[in-house]
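Mind docking these for me? Both chains are given alone in their own frames, and the hints should help you get the complex.
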Amino acid sequence: MTTADLLGKILQVVMGLAVFAAIVGLLIFFIDKAPKKGRDYWQLVGFLAPALILVTVGLIYPAIRTSILAFQTSSGAWTFDNFIWAFTQPAAIRTLINTVIWVLLVPTFATAVGLAYAVFIDRSRGERFYKAVLFMPIAISFVGASVIWKFVYEYRSGDREQIGLLNAIVVAFGGEPVQWLQTDPINTILLIVVMIWVQTGFAMVVLSAAIKGIATEQLEAAQLDGTNGWQRFTNVIVPGIRGSLVVVLTTISIATLKVFDIVRTMTAGNFNTSIVANEMYTQAFRASEIGRGSALALILFVMVLPIVIYNVNVLRKQREIR
Amino acid sequence: MSIAPPDLPVGKNRGAIDATTDAEASGYTEPKTMRVKKRLTSRTATIASLVIALLWTIPTFGLFISSFRPAELIRTTGWWTIFSNPGFTLENYQDVLLSTSSSSPQLGSYIVNSIAIALLATIIPLVFASMAAYAFAWMRFRGVGVLFVIIFALQIIPLQMALVPLLQIFSTVLRPMQAWLHDVIPIIPEQNYLPLWVAHTIFGLPLAIFLLHNFISEIPADVIEAARVDGATHSQIFFRIVLPLSVPAIASFAIFQFIWVWNDLLVALIFSGGTQDVAPLTQRLAELTGTRGQDWQLLTAAAFISIVIPLIVFFSLQRYFVRGLLAGSTKG
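Chains A and B supply the protein sequences, listed in that same order.
The first sequence begins at 1 in UniProt numbering and counts up by one.
The second sequence begins at 1 in UniProt numbering and counts up by one.
Next up, chain B with everything else stripped away, as it sits in the complex (with noise of 0.2 Å):
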C-alpha cells in the first residue's frame, strides 16, 4: 500500500499574510491585550518547536559525539561531558574499518556487500517496472487493467506473509544455482548475493510499478501516437521516448529502493546467511549490539557508519527523497 507523492510543501504560499508575524499583530485595529496575546503564542511556538528540534537531534548527536571518543572516556562518562572531559581520537573507526583481528567488526566487507547488494537491488526492478509500467499503461489489451489491479493491491502484503515459502523456493532452485557458479568460479563464495537481490527484486516490484504506472501514464498519448505514427516500435518507445521523460519518477523510486534496501534487516536476516561474504551493513550492527552491547566505542563508530550514505543521499537529494519516502512509506 502506498500513497501518492503529494505536493512538495517547499515555498508555496511563502509571504502569504501570517496570522502570527509581527507585522500583522502591531496592525492598529486591535486592542492592545490582544496584540500582547498573539505575540506570546508566537514565541511559545518558536520555543515549543525549539525544543521539540533539540529533542529529535540530541540522541543522533550524542552518538556522533561518542564515536569520536576514546573507548576509556566512553565507558566512564557522559558524552555531555566532553568539555570537562576531552578527547578526541579516530581510532574507533580505524579499528571498526580497518582493523584485520578476528574479534573486530570488520566494517569494510560489509560496505562492499551493502553496495552490491543495494545497487542491483534497485536496478533490477525498476528496468522491469518500467517496462511493465509501460505495457500497463500504453498496450491496450483485454484483462491487462485487472492485472494492473492485482499488482496494486499486492502492496498491501506483509513481507512476513512471502518469506517462509520463498526461502523454501530459493533453497530449491538457486542454492543449486550458487553451488554451481562456486565450482565454475572459485573466487565467488558458494553464499553470494543473488538470493538477496531476487528477494528485493520481488518486494520492490509493486510499488515501483505502480508509482512508475502513475508518471507514465500522464505523458501526452500525442506524443506516443505521434512515434507510433512514424513507425517506432514498442521498444523504440519505451527506450527513446517513456525512459528519458519518467526521470523524475525513476529518481524517485530509484533513491527511495536504494535507502530502503540499505536500511533493510529483515529480508537480509533470512536470505543473506549472515557470513562477512553476504551480509549487509545492518546485520552487521545488529549482530555487534549482541555480541558487543557493551563496546560502545565500536557500536558508535559502526552506527554512524552505517547511517551515513542514507543521511548524504537525504541531504543531497533531499526532494527526490521527500516524494519517494511519501510514496513508499507503508511498504514492508
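Here chain A stands alone, though its shape is the one from the complex (with noise of 0.2 Å):
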C-alpha cells in the first residue's frame, strides 16, 4: 500500500461522511420547511424516504426479480429446468441431502452442549468467565473460525509429524493419519463441527437466563420432594425453558441454512460438501449460471420460511405470557 492509496482510501471515508452528512442535513432542511399545506404528511415521508427507497430497490425488487430468474432461462424464456436440476442431478440432491444433515445436526447439537454447560456452571464461581469462554467464538468471523479449524484438521502424508491436533491424537492411539476435509462423509460432519462450536454460545446465553427465570420456589419444592438433580432438570427446568429451547433451536436453524462462509473457505464445496447457501453463489457467480442459483436462492428462501412462522409466532406467545 503505497503513501497515495492510503490518502485515496481517507478521501474516500471523509468524502462519503461528508455526502451523507450532506444528504440527511438536507432532508432535515425539507423537512423542517415543508409546505404549509399537508405538512404532516411531508414530513413523514422524509423521515420515512430513505429508509424505504434503499429497502424498495435492494431488497423488495432483487428478490421478486429472483424469483423470477428461476423461473427463466439465460435467454429469458420460461422454464422448470432450474428446479429438474436441483432436485434430479446427483451433485445437486447431495447438496440438498447436505443441507438437511446441517439444519439437523447443528441445532440439536448446539443447543444440547449449550444446555448442559448452562445448567453445569448455573450459580457457579467463575460463571461469568465460563460464559465468555463459550461465547467468544460468537465474536469471530466464520472466516476466522473456518481458519482456525483447518489447522486442527491439517494432514501430513507419511512419517511426518503431524502438526493439525485431530490427526496428532489418532497418531498417538495408533491409527493411521485421515486427509479430513477430503474424505466423504466425514468431511461435512467436521465443517458442521465448526458451526456447532460457533452456535453453542448463543444457545448457552439464552439458555441460561432462560434457567434463571425459573421461580426458586419451584427447585426447592422439587428438592424438598427428594428428586435428584436428573430428576429436576427434566421435570423442572425443561419444562420451564420450554419457549427458549425452540427459539434457540429455530434461530439457530436458520443461521445454518443461510451459512455460506465455512464450506466456502474450508472446501468451496468440493469432495462432496456442498451445502444450499454455497452451491447458489458457485452457481450464480462463478459457473454464471443465473437461473440455477436463483433457484437455489428461492429454495433456501422456502426452507428458511416455515421455520422463521414458527419462531415468530413461539416468541409472540413468550412475550404475551410476560
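Treat the hints with caution; some may be incorrect.
Said to hold, decoys possible - Computed footprint of chain B on chain A; a stretch qualifies when at least three of its residues, placed anywhere within it, have a C-beta under 8 Å from a C-beta of chain B:
#: 1; stretch: 58-65
#: 2; stretch: 80-90
#: 3; stretch: 135-144
#: 4; stretch: 262-268
#: 5; stretch: 275-282
#: 6; stretch: 295-306
To be verified - Per label pair, the in silico range of CB-to-CB distance:
#: 7; chain 1: A; residue 1: Ile309; chain 2: B; residue 2: Glu225; range: 48 to 58 Å
#: 8; chain 1: B; residue 1: Trp80; chain 2: A; residue 2: Ala221; range: 15 to 25 Å
#: 9; chain 1: A; residue 1: Glu220; chain 2: B; residue 2: Leu167; range: 53 to 63 Å
#: 10; chain 1: A; residue 1: Tyr310; chain 2: B; residue 2: Ile65; range: 35 to 45 Å
#: 11; chain 1: B; residue 1: Glu190; chain 2: A; residue 2: Ile84; range: 34 to 44 Å
Just so you know, these hints were derived from the structure itself, not from any lab.
From the three backbone atoms N, C-alpha and C, an ideal C-beta is built for every residue, glycine too.
Structure (C-alpha cells):
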C-alpha cells in the first residue's frame, strides 16, 4: 500500500461521510421547511423516504426478480429446468442432502451442549468467565473460525510429524492419519463441528438466562420432594424453559441454513461438502448459471420460511405470557 | 428475522438457594448417601464444564501460539510441543503486515479497507433506520402500520435472494458514478467502497429499524407530547430528545452491525471486486487459505489479526455486544 493509496482511501471515507451528512442535512432542512399544506404528510415522507427507497430497490425488487429468474433460462424463456436440475442431478441432490444434515445436526448439538453447559455452570463460581469462554467464538468471523479449524484438521502424509491436532490424536492412539477434509462423508461432519463450535455460545447464553428465570421456589419444592439432579432437570428445568429452547433451536436452524462462509473457506464445496447457500454462490457467481443460482436461492428461502414463521409465533406467545 | 433482546443473564438470583452447593448438601435432614451423591454430581458438573470450556478454547489457543512460532517449527512440529521445541518470533506478523513483496499477504491495506467499510456501513443504516423508526413510532398516519409490518417481514429474506439483481442494478447505476469519480479525483480508484456501503446499508436496515423502533416506541408519550406543546418540530424532537434517549439501543445495534460487516464474507465477495483497493480482511484471508493453504505461519498470523478487533470489542463491550448479537442472530 503506497501513501497515495492510503490517502485515496481516507479521502473516500471523508467524502463518504461528508456526502452522507449533506444528504441528511438537506433532508432535515426540507422536513422543517415542508409546505404548510399537508405538512405532517411531507414530514413523514421525509423521515421514511431514505429507508423505504433503499429497501425497495435493494431488497423487495431483487427478491421478486430472483424469484422470476429462477423460472427462466439464460435467454429469458420460461422453464422449470433450474428446479429439475436442482432435484435430479446427483451433485445437486447431494447439496440438498448435506443441507438437511447440517440443519438437523447443528441446532441439536449446539443446543444440547449449550444447555448442559448452562446447567453445569449455573450459579457456580466464575460463571461469567465460563460464559465468556464459550461465547467468544461468536465474535470470530466464520472465515477466521474456518482457518482455526482447518489448522486442527491439517494432514501430513507418511511418517512426517502431524501438525494438526486431530491427526496427532489419531496417530497417538496408533491410527493412520486421515485427509479429513477430502474424505467423504466425514468432511461434512467436520464442517458441521465448526458451525456447532460457533453457535453453542448463543444457545448457552439464551438458555442460561431462561434457567435463571425459573422460580427458585419450584426448584426448592422439587428438592424437598427428594428428587435428584437429573429429575429436577427433566421435570422442572426443561418444562420451564421450553419456549426458549424452541427459540434457540429455530434461530440456530435459520442461521445454519444461511451459512456460507465455512463451506466456502474450508472446501469451497468440493469433495461432496456443498450446501445450498454455498452452491447458490458457486452457480450464480462462479459458473454464471444465474437461473440455477436463483432457483437455489428460492429453495433456501422456502426452507427458511416455515422455521421463521414458527419462531415468530413462539416469540409472540412468550411475550404475551410475560 | 430476529428475536428481541432477552434479559441479560447477569447476577440475577445470585446467591439464591442453590441445590448443589456444599452448604445445602450438608443439611442435617438428609441421609448420608444422598449427600454424597449430590457432591458427586456437582463435581462431575464442574469437570464436564471444564472439559467443554477447554474443548472450545483449544483450537483458538493453538492458532494463537502457532502465530508466534517460526515457520520451520510450525511446518515440522505440533504447537502442543512448544516446550520441547521452543521458538518465538514476531516475523510472521511482520511478514503479513509490513512486507511489500507482491507475494506476501500485505494485510495493511486490507485492514484499512475493513475499517473504512465497517465505519460507514454502520453509521449510514443507523441514521436512516433511527429516522424511520421515529416516524413509525411517533407519526400517526394511515398505512404506516402496514409499512412497518412489511419492513419487519423483510428480515426473513436471505441475502442470497437479493444478490444477483442487486449486482445488476449496481453495475448499471453505481459503476458509471464510480468511473466518473475516478476521472475527477484520480487518487480514488475506480473500484471503491461505494457498492459495499450501499449493500451493507440495505441489508442492515430492516433489523435496525425493527430494533430501534422497539426502543423508541417505549419512550414515554408525555416526553414527546411536552416537546410538541412547546412548539418543537419533528426534527428537533428527533435530534434533541429521541436520539439521546436511544443511546443504549443505538450502541447495541452499532456494535452488532460493525462486527457483522467486519466478519462478512459473502457481500464482500460479490460487491468488492476483490482488489487491494476495496477487499476487506475476511476476503483476503479466505483467498489466502486457497492460495497459500500450506503456509501456516502466514495463515495463523493473518487469521489472528482478522479476529483481534471483534475480540477486543467483545471483551470490552460485552454487555452491549451480547444484546446486539442475540437480537440479530439470524441476520444474513
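How the hints compare with the structure:
1. 58-65: Satisfied; 7 residues make the cut.
2. 80-90: Per the Cβ count (0), the hint is violated.
3. 135-144: holds (count 10)
4. 262-268: holds (count 4)
5. 275-282: Held - the stretch 275-282 of chain A has 3 residues with a Cβ nearer than 8 Å to chain B, which meets the minimum of three.
6. 295-306: holds (count 7)
7. A:Ile309 - B:Glu225: 48 to 58 Å: Given a distance of about 37 Å, which is not inside 48 to 58 Å, the answer is violated.
8. B:Trp80 - A:Ala221: 15 to 25 Å: violated (48 Å)
9. A:Glu220 - B:Leu167: 53 to 63 Å: Given a distance of about 60 Å, which is inside 53 to 63 Å, the answer is holds.
10. A:Tyr310 - B:Ile65: 35 to 45 Å: Roughly 43 Å apart at Cβ, these two residues keep to the hinted range, so it holds.
11. B:Glu190 - A:Ile84: 34 to 44 Å: holds (41 Å)
Of the numbered hints stated above, those contradicted by the structure are hints 2, 7, 8, listed in ascending order.
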